[in-house]
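Given chain A, work out where chain B should sit, using these hints.
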Amino acid sequence: MFQIARLEDPNVKILPENLGKPRLTAITQVIEDLYVDKVVKDLGLVVTLYEIVSIEGGTVYPGEGSAHFHVVFKAVVFRPFVGEVLEGVLKKSDRKGLYVHLGFFDDVFVPEHMLQEPSAFDEEEQLWVWNYQNSRMFMDLDEPVRFRCSSVRFPEQPRNAKALDGNSPQLGRTYEGNFAPMVIVGDVNADGLGLTSWWQQETE
Amino acid sequence: GAGFTWTRVADACVAFGRGRSAFVAMKVLCANEGLMSNFELLEVLRQRTRETPVALLPHVHDPFPTEMQCSDTLKKTPAGAQTKENLAKFIKAVEPLNLTPAECLNLINSKPTTDVEIHLLVEDCEKRLKESEVEHLLKLSADLL
Numbered sequence: 001m002f003q004i005a006r007l008e009d010p011n012v013k014i015l016p017e018n019l020g021k022p023r024l025t026a027i028t029q030v031i032e033d034l035y036v037d038k039v040v041k042d043l044g045l046v047v048t049l050y051e052i053v054s055i056e057g058g059t060v061y062p063g064e065g066s067a068h069f070h071v072v073f074k075a076v077v078f079r080p081f082v083g084e085v086l087e088g089v090l091k092k093s094d095r096k097g098l099y100v101h102l103g104f105f106d107d108v109f110v111p112e113h114m115l116q117e118p119s120a121f122d123e124e125e126q127l128w129v130w131n132y133q134n135s136r137m138f139m140d141l142d143e144p145v146r147f148r149c150s151s152v153r154f155p156e157q158p159r160n161a162k163a164l165d166g167n168s169p170q171l172g173r174t175y176e177g178n179f180a181p182m183v184i185v186g187d188v189n190a191d192g193l194g195l196t197s198w199w200q201q202e203t204e
Numbered sequence: 001g002a003g004f005t006w007t008r009v010a011d012a013c014v015a016f017g018r019g020r021s022a023f024v025a026m027k028v029l030c031a032n033e034g035l036m037s038n039f040e041l042l043e044v045l046r047q048r049t050r051e052t053p054v055a056l057l058p059h060v061h062d063p064f065p066t067e068m069q070c071s072d073t074l075k076k077t078p079a080g081a082q083t084k085e086n087l088a089k090f091i092k093a094v095e096p097l098n099l100t101p102a103e104c105l106n107l108i109n110s111k112p113t114t115d116v117e118i119h120l121l122v123e124d125c126e127k128r129l130k131e132s133e134v135e136h137l138l139k140l141s142a143d144l145l
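In the order they appear, the protein sequences are chains A and B.
Take the first sequence: its position 107, counting from 1, is numbered 107 in our numbering, and each next residue is one higher.
Take the second sequence: its position 113, counting from 1, is numbered 113 in our numbering, and each next residue is one higher.
Hints are not guaranteed to be accurate.
Unchecked claim - Residues from chain A shown here face chain B by an in silico Cβ test under 10 Å; the list is partial:
hint: 1; residue: 8
hint: 2; residue: 16
hint: 3; residue: 19
hint: 4; residue: 20
hint: 5; residue: 76
hint: 6; residue: 79
hint: 7; residue: 86
hint: 8; residue: 129
hint: 9; residue: 185
Claimed, not checked - When the alpha-carbon atoms are kept at most 25 Å apart in a straight line, the in silico BS3-like pairs for lysine-lysine are as follows:
hint: 10; chain 1: B; residue 1: 111; chain 2: B; residue 2: 130
hint: 11; chain 1: A; residue 1: 41; chain 2: B; residue 2: 27
hint: 12; chain 1: B; residue 1: 76; chain 2: A; residue 2: 38
hint: 13; chain 1: B; residue 1: 92; chain 2: B; residue 2: 111
hint: 14; chain 1: B; residue 1: 84; chain 2: A; residue 2: 74
hint: 15; chain 1: B; residue 1: 76; chain 2: A; residue 2: 92
hint: 16; chain 1: B; residue 1: 127; chain 2: B; residue 2: 111
hint: 17; chain 1: A; residue 1: 74; chain 2: B; residue 2: 75
hint: 18; chain 1: B; residue 1: 27; chain 2: A; residue 2: 38
hint: 19; chain 1: A; residue 1: 21; chain 2: A; residue 2: 74
hint: 20; chain 1: A; residue 1: 13; chain 2: B; residue 2: 27
hint: 21; chain 1: B; residue 1: 89; chain 2: B; residue 2: 139
hint: 22; chain 1: B; residue 1: 139; chain 2: B; residue 2: 92
hint: 23; chain 1: B; residue 1: 27; chain 2: B; residue 2: 84
hint: 24; chain 1: B; residue 1: 75; chain 2: A; residue 2: 91
hint: 25; chain 1: B; residue 1: 139; chain 2: B; residue 2: 111
hint: 26; chain 1: B; residue 1: 111; chain 2: A; residue 2: 91
hint: 27; chain 1: A; residue 1: 96; chain 2: A; residue 2: 162
hint: 28; chain 1: B; residue 1: 76; chain 2: A; residue 2: 91
hint: 29; chain 1: B; residue 1: 27; chain 2: A; residue 2: 74
hint: 30; chain 1: B; residue 1: 111; chain 2: B; residue 2: 89
hint: 31; chain 1: A; residue 1: 38; chain 2: B; residue 2: 75
hint: 32; chain 1: B; residue 1: 76; chain 2: B; residue 2: 139
For the record, the hints were derived by calculation from the structure and aren't laboratory data.
These numbers were taken from a predicted model, which means no experiment stands behind them.
Every residue, glycine too, gets a C-beta built ideally from N, C-alpha and C.
Isolated chain B (complex conformation):
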């Protein structure tokens, strides 16, 4: 298989050398096992940054800078105020609209408030959704997301 190189996003130059030979052997077994909504990631990061007591992994260190930045950024998005119950209700409520999982994810992450946004997030919106359905989506978005 092809070797994978790694680089730190924030740095100016790639630091080759120590540890590189180990990295070259790394393989991506599955690039996409599933999409993750901002809310789900925020839940995971809350555990990493010790906001909640239960952890998936032992707390071995303080959170990495990226984890903190990610957590701070996501808290300011709609995900910061979402709850698992409401998201489950939302997903059930939009089932009859036949949205793709990607569209559903986009809606959950963005929490649209205008018609224009719905048209942007749902492909071929005019053909697939009636005006009443767009209104309904906006109401669901306001109530549950």
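Next up, chain A with everything else stripped away, as it sits in the complex:
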């Protein structure tokens, strides 16, 4: 799920009031405020800072009191690889597919054409059902679900709320109507995938 990325920020600004602190402390603070819990487009979600590799500079420009540093650092980034098998909790279903949460990341979407075959949407219960060997296996909410990462998308930020509304979940529209800058598209179309309760080993 996680990888280490090496990033470079040539313009880390330490405000004058923080220049009394040890340099490493002040710079770490600024970098963490800027990057942790943010999605870097085409890379992933920065979960935590791993280490500061180098700090150069300390230039003060005319007209302001802040010091500017050139910093290279490593961050731990959440970015599943294609084919990785992950487990989350099914939070919502609708005609378009499943919405799964991972605890620290909420934008996993399984489109309806990537569900176990054959599946059907039960309008009454508003749940997806897998019709397996004549038994109807309901995909109940709040159940643990195992899925495979099919792709990781970084949708373009739409210009306004109206443009967002017309978008599909893969384009970043969450079921609450918000914008998701990072979307994981998953599939549950193989043995072992779907609700984990379906595949538990029977004791012999």
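Frame of chain A; chain B shown alone:
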């Protein structure tokens, strides 16, 4: 190079403005210097959330919400109970099976308990692993992961 925009996952709208110009200059020097297992990240987060006394970075603040959520989520996965020694033993023990690093990572993170899961995590499993090897993997998983 291309400019990078940033957004907070939990927020509804992107907050442009303050600090944005600084961000545009940011460069990704290397997107993937190495994969990190859930266990390794949990170790790092334990230091951040002050569970262990030794730190990689000075403790400058209380842990961020994402770090706490990540830590809480990962503790409930198999990573929560793993140890460095056992993972090292596991990696050594599966060497003869010729798994890719990604498959090895997937196995460590998932701790499979059934045949079906092994087939899911190892590509072309039927061609690459004999049934006895699948059994062996399941035993290693139960003992070491």
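Hints that the structure is at odds with (numbers, increasing): 2, 3, 4, 8, 9, 23
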